[in-house]
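Order-wise, the sequence lines are chains A and B. Per our numbering, the first sequence runs over residues 1 to 158. Per our numbering, the second sequence runs over residues 159 to 655.
Don't read these hints as lab results, they were simulated from the structure. Remember, predicted model here, so these are calculated numbers, not experimental data. Among the hints, a few may not be true.
[Stated by the list, open to error] When the alpha-carbon atoms are kept at most 20 angstroms apart in a straight line, the in silico SDA-like pairs for lysine to any residue are as follows:
| # | chain 1 | residue 1 | chain 2 | residue 2 |
| --- | --- | --- | --- | --- |
| 1 | B | Lys356 | A | Glu52 |
| 2 | B | Lys525 | A | Phe67 |
| 3 | A | Lys22 | B | Gly355 |
| 4 | A | Lys152 | B | Lys525 |
| 5 | B | Lys654 | A | Asn96 |
| 6 | A | Lys100 | B | Gln644 |
| 7 | A | Lys22 | B | Glu333 |
| 8 | A | Lys146 | B | Lys356 |
| 9 | A | Lys100 | B | Ser620 |
| 10 | A | Lys146 | B | Ser620 |
| 11 | A | Lys53 | B | Lys356 |
| 12 | A | Lys146 | B | Glu333 |
| 13 | B | Lys356 | A | Lys144 |
| 14 | B | Lys304 | A | Asp139 |
| 15 | A | Lys144 | B | Glu645 |
[What the hints assert, rightly or not] Just some of the chain B residues that point at chain A, by a computed CB distance under 8 angstroms:
| # | residue |
| --- | --- |
| 16 | Pro259 |
| 17 | Gly260 |
| 18 | Phe262 |
| 19 | Arg265 |
| 20 | Glu298 |
| 21 | Arg335 |
| 22 | Thr361 |
| 23 | Pro362 |
| 24 | Pro364 |
| 25 | Gly423 |
| 26 | Gly457 |
| 27 | Phe504 |
Beta carbons: idealized from backbone N, C-alpha and C, even for Gly.
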Amino acid sequence: MLEKILTEENFSALDELLERYKGVPGPLMPLLQGAQDIFGAIPEEVQSYIAEKANIPLAEIYGVVTFYSQFRMVPRGDHVISVCLGTACYVKGSQNIMDKISQAMGIGIGETSSDGKFTLVGTRCIGACGLAPIVTVNDDVYGKVKESEILKILEKYK
Amino acid sequence: MDQKHSVLEMDYIRKQERIALKNCGLIDPERIEEYIRYDGYQALAKAILQLGPEGVIEEVEASGLRGRGGAGFPTGRKWRSGYLAKGNEKFIICNADEGDPGAFMDRSILEGDPHSVIEAMTIAAFAIGATKGFIYVRAEYPIAVKRLQIAIDQAHEMGFLGSDIFGSGFGFDIELRLGAGAFVCGEAKALIASIEGKRGMPTPKPPRTNDKGLWSKPTILNNVETFANIPPIIRNGAGWYAAIGSEKSKGTKVFALGGKINRTGLVEIPIGTPLREVIFDIGGGIPGGKKFKAVQTGGPSGGCIPTEHLDVKIDYESLQDIGSMMGSGGMIVMDEDNCMVDIARFFLEFSVEESCGKCTPCREGTKKMLGILEKITSGEGVMSDLDDLERLGQIIKDTSLCGLGKTAPNPVLSTLKYFRDEYEAHVKDKTCPAGVCKALLQYTITDKCIGCGICKTVCPVSCITGNKKEKHVIDPSACIRCGACQEACPVDAIIKR
Ligand SMILES: Cc1cc2nc3c(=O)[nH]c(=O)nc-3n(C[C@H](O)[C@H](O)[C@H](O)COP(=O)(O)O)c2cc1C
Ligand code: FES
Numbered sequence: 001m002l003e004k005i006l007t008e009e010n011f012s013a014l015d016e017l018l019e020r021y022k023g024v025p026g027p028l029m030p031l032l033q034g035a036q037d038i039f040g041a042i043p044e045e046v047q048s049y050i051a052e053k054a055n056i057p058l059a060e061i062y063g064v065v066t067f068y069s070q071f072r073m074v075p076r077g078d079h080v081i082s083v084c085l086g087t088a089c090y091v092k093g094s095q096n097i098m099d100k101i102s103q104a105m106g107i108g109i110g111e112t113s114s115d116g117k118f119t120l121v122g123t124r125c126i127g128a129c130g131l132a133p134i135v136t137v138n139d140d141v142y143g144k145v146k147e148s149e150i151l152k153i154l155e156k157y158k
Numbered sequence: 159m160d161q162k163h164s165v166l167e168m169d170y171i172r173k174q175e176r177i178a179l180k181n182c183g184l185i186d187p188e189r190i191e192e193y194i195r196y197d198g199y200q201a202l203a204k205a206i207l208q209l210g211p212e213g214v215i216e217e218v219e220a221s222g223l224r225g226r227g228g229a230g231f232p233t234g235r236k237w238r239s240g241y242l243a244k245g246n247e248k249f250i251i252c253n254a255d256e257g258d259p260g261a262f263m264d265r266s267i268l269e270g271d272p273h274s275v276i277e278a279m280t281i282a283a284f285a286i287g288a289t290k291g292f293i294y295v296r297a298e299y300p301i302a303v304k305r306l307q308i309a310i311d312q313a314h315e316m317g318f319l320g321s322d323i324f325g326s327g328f329g330f331d332i333e334l335r336l337g338a339g340a341f342v343c344g345e346a347k348a349l350i351a352s353i354e355g356k357r358g359m360p361t362p363k364p365p366r367t368n369d370k371g372l373w374s375k376p377t378i379l380n381n382v383e384t385f386a387n388i389p390p391i392i393r394n395g396a397g398w399y400a401a402i403g404s405e406k407s408k409g410t411k412v413f414a415l416g417g418k419i420n421r422t423g424l425v426e427i428p429i430g431t432p433l434r435e436v437i438f439d440i441g442g443g444i445p446g447g448k449k450f451k452a453v454q455t456g457g458p459s460g461g462c463i464p465t466e467h468l469d470v471k472i473d474y475e476s477l478q479d480i481g482s483m484m485g486s487g488g489m490i491v492m493d494e495d496n497c498m499v500d501i502a503r504f505f506l507e508f509s510v511e512e513s514c515g516k517c518t519p520c521r522e523g524t525k526k527m528l529g530i531l532e533k534i535t536s537g538e539g540v541m542s543d544l545d546d547l548e549r550l551g552q553i554i555k556d557t558s559l560c561g562l563g564k565t566a567p568n569p570v571l572s573t574l575k576y577f578r579d580e581y582e583a584h585v586k587d588k589t590c591p592a593g594v595c596k597a598l599l600q601y602t603i604t605d606k607c608i609g610c611g612i613c614k615t616v617c618p619v620s621c622i623t624g625n626k627k628e629k630h631v632i633d634p635s636a637c638i639r640c641g642a643c644q645e646a647c648p649v650d651a652i653i654k655r
């Protein structure tokens, strides 16, 4: 997996990003966000590259990467299924939907299927509580999802 | 005849008052011209050309506006301390981290009326003497990020941001910073640490951010909705604003109504409106003829409010008195099908996951509480667990470093107070009255059964037996309580208890 993302092209995009944040106070968060956009994750190799170029201790970078839930060190599958586990969705039964997908795909929360196709995640409220319960697949948002319909929805992405 | 009036006379509309949400849905948020047409940037002009910094602060103080981010600190007083703080460089920060799961007021303002926040931040900067501002937006709101950036660029083009605004010599600029999925970063000091590029952990107070905030410089931090109230206050005057609301808390508050309620969505009401009116008149009550059980306000920091307190008039103090809090404005309604023990567990789980781990009471204490709750929901609880929960909760509240730990026990303590019978049912009778806690449930087939056998085929563990056209039976010792049979039954003959 890693060889696929640690390409020369990606590193030169990272160089451009580093250049842009030279001299900006407090650059680490936007640097890491940008790096994750480029590589799809922030593996150790990328962290030490940033550490050296931006002159920030690697330990500090690692500390920040592991603190925030949106940063990840391994890339995700082709399709990301996220089930909202925010309050409004939970009250409307989103946990059952999560369980159903998890069972059908044989993967737990945060895991990627062995064929690299699907990653299942639980999200916090995405601010669409009026349509609870919410499931998103990549950028597609499904509202008022019924437990009985969810597998049919996912069929489209197989 | 009546029809002509009916829409405006609906309680849904009549009982609301739109100030913070005034422009949302009305103007095109990506066109500054529309914002200007609806009086936009007039408040900024009035502040700079007419009122001066002290005049602005006096107006905000007199308006009685209090912080909408949860704590309810008087905004005018905060600004005055920022004005008085010594320093050659000061900062304004807008807290757009909106972390309460089940709340989306700030999102609507950012997406529907981004200029109102930018105008207000510029007014605040002018008042305290800041030259640079940051908006810290949660990364889950990409549309808000995009529209804010468009709005900032447009404000620059029109000269409402940049150097020498309105030819006054005053200059101000705003930069966007994105969160990365940490609830605790909504806390002022953790947010500042995050902008500085550190792990978003809170630090002890004092010093207050007003004196030593971002890069140890004086920093004024306000919530999105707090800011959205500023332009109308400056435009219409403090007296106009102070006439709305309750005695101690002026103006309006936006709530995100959700859960088991007919009309979900945002409502903006004068502070002091009774809860009952919000839920039944504005929200249209509970769907499906079900019975109201509780309303949760304040998210993971708040509590569950039972029927007996429905007539309470919403404000910061009154909600705190009954064990909940105003919070940022999440309002989740629950009906008879929601288990209060499970809800308490849900919120606590959130706090456990989001605890930054810096202080022991919050890191270890909440985890211990969660363990006890899980024991109870899986049917292994004993009566002394309830006392342990109460004692632990109180200690965590008293000794935690920041607001996260200080409020994390609230969902448990409030449900223990008002719904103790539900806890006792889980512990003593090993049942979940609402039928939610899986370990305590039993699926049974009633006499409605037509013996079609569909349940038998869908059951993943083959624990259903019965001959065709005869009533089937579930073996409770083998049943894994997945609910597949109930969902598949064509005649709704399967019930869970
Ligand atoms: C754990 C925690 C999370 C918070 N999350 C938010 C938030 O998402 N948005 C917000 O405006 N305030 C949040 N606050 C409150 C802020 O610390 C701060 O009081 C507020 O932003 C100040 O602005 P205001 O005076 O305008 O309300 C949070 C506080 C704590 C302790
Ligand atoms: S709780 Fe799911 S969108 Fe808000």
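Evaluation of the provided hints:
This hinted pair checks out: Lys356 of chain B and Glu52 of chain A have alpha carbons roughly 17 angstroms apart, not beyond 20 angstroms. At most 20 angstroms may separate the alpha-carbon atoms for a hinted pair to count; Lys525 of chain B and Phe67 of chain A meet this at roughly 18 angstroms. Under the criterion of a C-alpha separation no larger than 20 angstroms, the hint pairing Lys22 of chain A with Gly355 of chain B is consistent with the structure, at around 14 angstroms. Pair hint Lys152 of chain A plus Lys525 of chain B does not hold up; C-alpha atoms about 37 angstroms apart against a cutoff of 20 angstroms.
With a CA separation close to 15 angstroms, the supplied pair Lys654 of chain B and Asn96 of chain A stays within the 20 angstroms bound. Simply put, Lys100 of chain A and Gln644 of chain B have alpha-carbon atoms about 14 angstroms apart, close enough for the 20 angstroms limit, and the pair holds. Taking the CA atoms of Lys22 of chain A and Glu333 of chain B, the gap is about 16 angstroms. The hint holds against a cut of 20 angstroms. At most 20 angstroms may separate the alpha-carbon atoms for a hinted pair to count; Lys146 of chain A and Lys356 of chain B exceed this at roughly 41 angstroms.
For the hint pairing Lys100 of chain A with Ser620 of chain B, the CA-to-CA distance comes to about 18 angstroms; that is within 20 angstroms, so the pair holds. Only pairs whose Cα atoms come within 20 angstroms are accepted, and Lys146 of chain A paired with Ser620 of chain B is rejected, the gap being roughly 25 angstroms. For a cut-off of 20 angstroms, the pair hint linking Lys53 of chain A to Lys356 of chain B stands: about 18 angstroms separates their Cα positions. This hinted pair does not check out: Lys146 of chain A and Glu333 of chain B have alpha carbons roughly 41 angstroms apart, beyond 20 angstroms.
Of the pairs offered as hints, the one joining Lys356 of chain B and Lys144 of chain A is violated, with about 38 angstroms between alpha carbons and a cut-off of 20 angstroms exceeded. Among the hinted pairs, Lys304 of chain B with Asp139 of chain A is consistent with the structure: their alpha-carbon atoms are about 16 angstroms apart, no more than 20 angstroms. Among the hinted pairs, Lys144 of chain A with Glu645 of chain B is consistent with the structure: their alpha-carbon atoms are about 17 angstroms apart, no more than 20 angstroms. At its closest, the beta carbon of Pro259 of chain B sits 4 angstroms from a beta carbon of chain A; the interface hint therefore holds under the 8 angstroms criterion.
The beta carbon of Gly260 of chain B comes within 3 angstroms of a beta carbon in chain A, closer than 8 angstroms, and the hint placing it at the interface holds. Annotation: Phe262 of chain B was flagged as interfacial toward chain A, and the flag holds, the nearest CB pair being 4 angstroms apart, inside 8 angstroms. Taking 8 angstroms as the C-beta cut-off, the interface hint given for Arg265 of chain B holds, the closest approach to chain A being about 4 angstroms. About 6 angstroms separates the beta-carbon of Glu298 of chain B from the nearest beta-carbon of chain A, less than 8 angstroms, and the hint is met.
Annotation: interface hint on Arg335 of chain B holds; nearest CB of chain A at approximately 7 angstroms, less than 8 angstroms. Because the beta carbon of Thr361 of chain B sits about 15 angstroms from the nearest beta carbon in chain A, more than 8 angstroms, this interface hint is broken. Evaluation of the Pro362 of chain B hint against chain A yields a violated restraint, the C-beta minimum of about 19 angstroms exceeding 8 angstroms. Against a cut-off of 8 angstroms between C-beta atoms, the interface hint on Pro364 of chain B is violated, since the closest Cβ of chain A lies about 23 angstroms away.
Interface restraint check for Gly423 of chain B: the shortest CB-CB distance to chain A comes to about 5 angstroms, inside 8 angstroms, so the restraint holds. Satisfaction of the interface hint for Gly457 of chain B is found here, the shortest Cβ-Cβ separation to chain A being roughly 7 angstroms, below the 8 angstroms cut-off. Below 8 angstroms, beta-carbon pairs count as interface contacts, and Phe504 of chain B has one with chain A at about 6 angstroms; its hint therefore holds.
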